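Counted the way my numbering counts, the sequence shown spans residues 30 to 181.
FYI, nobody ran anything at the bench for these hints, they're computed from the structure. Quick caveat: nothing in here was measured; it's all calculated off a predicted structure. Please note that a few of the clues may not be correct.
[Unchecked claim] Subject to a maximum C-alpha distance of 30 angstroms in a straight line, what follows is the list of computed DSS-like cross-link-like pairs (lysine-lysine):
no. : residue 1 : residue 2
1   : LYS159    : LYS77
2   : LYS117    : LYS180
3   : LYS180    : LYS159
4   : LYS159    : LYS99
5   : LYS159    : LYS117
6   : LYS117    : LYS99
7   : LYS180    : LYS77
8   : LYS99     : LYS180
[Stated by the list, open to error] Across the chosen pairs, the derived CB separations fall in these ranges:
no. : residue 1 : residue 2 : range
9   : PRO65     : ARG148    : 29 to 37 angstroms
10  : ILE112    : GLU137    : 29 to 37 angstroms
11  : ALA80     : THR154    : 35 to 43 angstroms
12  : ASP151    : ALA80     : 34 to 42 angstroms
Backbone N, C-alpha and C fix where the C-beta goes; we use that ideal spot for every residue, glycine too.
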Amino acid sequence: MTSDQSSGGDIPRPIAAVLAVVLRGEEFLLVRRANPPDQGLWGFPGGKIEAGEDLLQAALRELEEETGVKAQAARAFAALDSIDARPKHEGGYHYVLVGVLCRWLSGEGVAADDALEARWFDLPTLLADKASASADVDTLARQALALTHAKA
């Protein structure tokens with residue numbers, strides 16, 4: 030068995046990744062993905078965790094690579110799965126995505142790395158255009174707002 034396969038044969042093993050859930054006031058920074066999975070959909074900046082990197086460091090690195098935005102990582106607050114159960118050679122994948130709450134420090138957000146666009150959304154706008162967003166973006170946005178308001 031190779032390191033990227035589970036005992037189920039060709040089904041990919043889970044890959045750990047982070048999502049930088051950045052708040053600037055009541056707005057969230059989202060990127061439109063250039064690559065699969067979720068190509069063309071809006072989602073939080075993020076990506077795979079590098080060896081030896083903790084969750085908060087990974088979120089800040091991915092955020093800056095994808096958007097140029099600098100933030101302060103507060104805490105990891107949610108975990109979710111993104112799974113395509115097809116065999117790996119057919120495009121299957123399994124990511125375990127950890128949401129990291131971040132507070133905006135500087136930068137407007139410019140699409141870079143694997144992002145087509147970067148834009149700030151408030152929750153009502155995000156909910157109105159939910160079909161063009163990755164799964165659970167609205168749920169993570171609500172949870173992040175609730176955490177932020179609970180501390181205020």
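Against the structure, the hints:
{"no.": "1", "hint": "LYS159 x LYS77", "result": "24 angstroms, holds"}
{"no.": "2", "hint": "LYS117 x LYS180", "result": "42 angstroms, violated"}
{"no.": "3", "hint": "LYS180 x LYS159", "result": "27 angstroms, holds"}
{"no.": "4", "hint": "LYS159 x LYS99", "result": "26 angstroms, holds"}
{"no.": "5", "hint": "LYS159 x LYS117", "result": "28 angstroms, holds"}
{"no.": "6", "hint": "LYS117 x LYS99", "result": "34 angstroms, violated"}
{"no.": "7", "hint": "LYS180 x LYS77", "result": "29 angstroms, holds"}
{"no.": "8", "hint": "LYS99 x LYS180", "result": "21 angstroms, holds"}
{"no.": "9", "hint": "PRO65 x ARG148: 29 to 37 angstroms", "result": "21 angstroms, violated"}
{"no.": "10", "hint": "ILE112 x GLU137: 29 to 37 angstroms", "result": "33 angstroms, holds"}
{"no.": "11", "hint": "ALA80 x THR154: 35 to 43 angstroms", "result": "37 angstroms, holds"}
{"no.": "12", "hint": "ASP151 x ALA80: 34 to 42 angstroms", "result": "37 angstroms, holds"}
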